[in-house]
Amino acid sequence: MSEKKKDELLHDHNHDGIDRRGFLKCMAWAGTGAFCVMKGGVLNSYSLSRLSETSTSDMMGELSFVQISDSHMGFNKPANPDVAGTLKAAVDKINALSRAPEFMLHTGDISHLSKPEEFDTVDQILKSATSKDVFYVPGEHDVLNDDGKQFLERYGKGSKGGGWYSFDKKGVHFIGLVNVMNLKAGGLGTLGHEQLEWMEDDVKHLKKSTPIVVFAHIPLWSVYPEWGWGTEDSAQALAYLKKFGSVTVLNGHIHQTMQKVEGNVTFHTAASTAFPQPAPGKADSPGPMKVPAEQLKSVLGITDVNCIQGKYALAVVDSSLA
Amino acid sequence: MRRSASVVILAAVLTIGFVGTVEGRRGFALSAQEKMSTMEVKIDNFSFGPVTLTVPVGTTVTWINRDDIPHTVVSTDDSKTFKSKVLDTDEKFSFTFSKAGTYPYFCSIHPKMTGKVIVQ
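Residue numbers (our numbering), protein chains in the order written: chain A, -7 to 314; chain B, 2 to 121.
Just so you know, these hints were derived from the structure itself, not from any lab.
Yeah, the Cβ is synthetic: ideal placement off N, Cα and C, and Gly gets one too.
Keep in mind that a hint or two might mislead.
[Said to hold, decoys possible] Derived list of chain B stretches under chain A, where covered just means 3 residues or more per stretch with a C-beta under 8 Å from a C-beta of chain A: (1) 42 to 52; (2) 69 to 83; (3) 107 to 116.
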């Protein structure tokens, strides 16, 4: 595997052992199926198609989980008349991973119209995944009609306020945020004062070496405000995370993968398992984007996340359903 | 005398009838005009069309969702005058504006979508 040598730490301008340029280069490969692992500050990449040749110890991390998003159960228009089928395909993909993820994060828009049968169908389909634990945050489609009461009853046990919460897994601190409630006319996603205060308190006593993963539906950075793709008060939330060496932000909502690295924070948005949306500004509006039927699965996907070293960025890998 | 009286009465009746017809025609023309002016707001491509709608007091405005994504119509004035349920494709919501004023509204699912009804 002579390729491995080419991916060693080449650019260490910040002298912190993180090869950001290499990381971003690796992220560009992620769309074609590369599995990147950060080990001791060195980025190694393995082609997903040659994973069987790779020793599993090379790929072992301390923690691995999967992010899925925007299943929109109940959507049935031409962009995808069978969202249950594509969600099942996503679960098959998860079950085929050589290392079963410990749990899943669903970053919202579980349902399309907040109907009970839509939530039931997603629950049913996810039951067949190898990882039984799923952690949810709501999308705007999950809190229609009842200010999120149904969502909270189903998925909000132990959460505060509008459904925010945190938990720890193998030394990594996960924070689930809600930015789809109390939306104001002309505005973007919003976290609100109560949630921000809770978050400040939640991370106050954590050691700065604790890797942090924040997950929320609407992107916490300004992807494209014209289409509502951003969160008004996310800067405050990120300010509370400034002290941490490794912060990963996982979002959904925009139905396409995008990543950005800013200081110690890696932002990542996931593809939908239901339908794609256009790239920012590339269409009149951010509605469902129709693609030829045979191409649909290639624009839907899951995200596999591995944490190897506590202090470095997590390895985030997207793979499409086809 | 009676004959001229009946002529006068006939003339009066004809005049009233004629005036009445003209009035009626004008009235008909008015309501045809009303029917032609937009009392409908189409929701499509994540926007309300027209964005600003001006109507006379007493008009019923109907929003119809032609988009392939659900939307809502929620007024943002202080008294929260109207609020639709979630409208899927082809579903409608109507509201009759009985008081003059300006009624800004938005889609609570996609808050960047805003519109206004001006009632005069």
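| task | Find the hints from earlier in the document that the structure breaks and name them by number, from lowest to highest. | result | none
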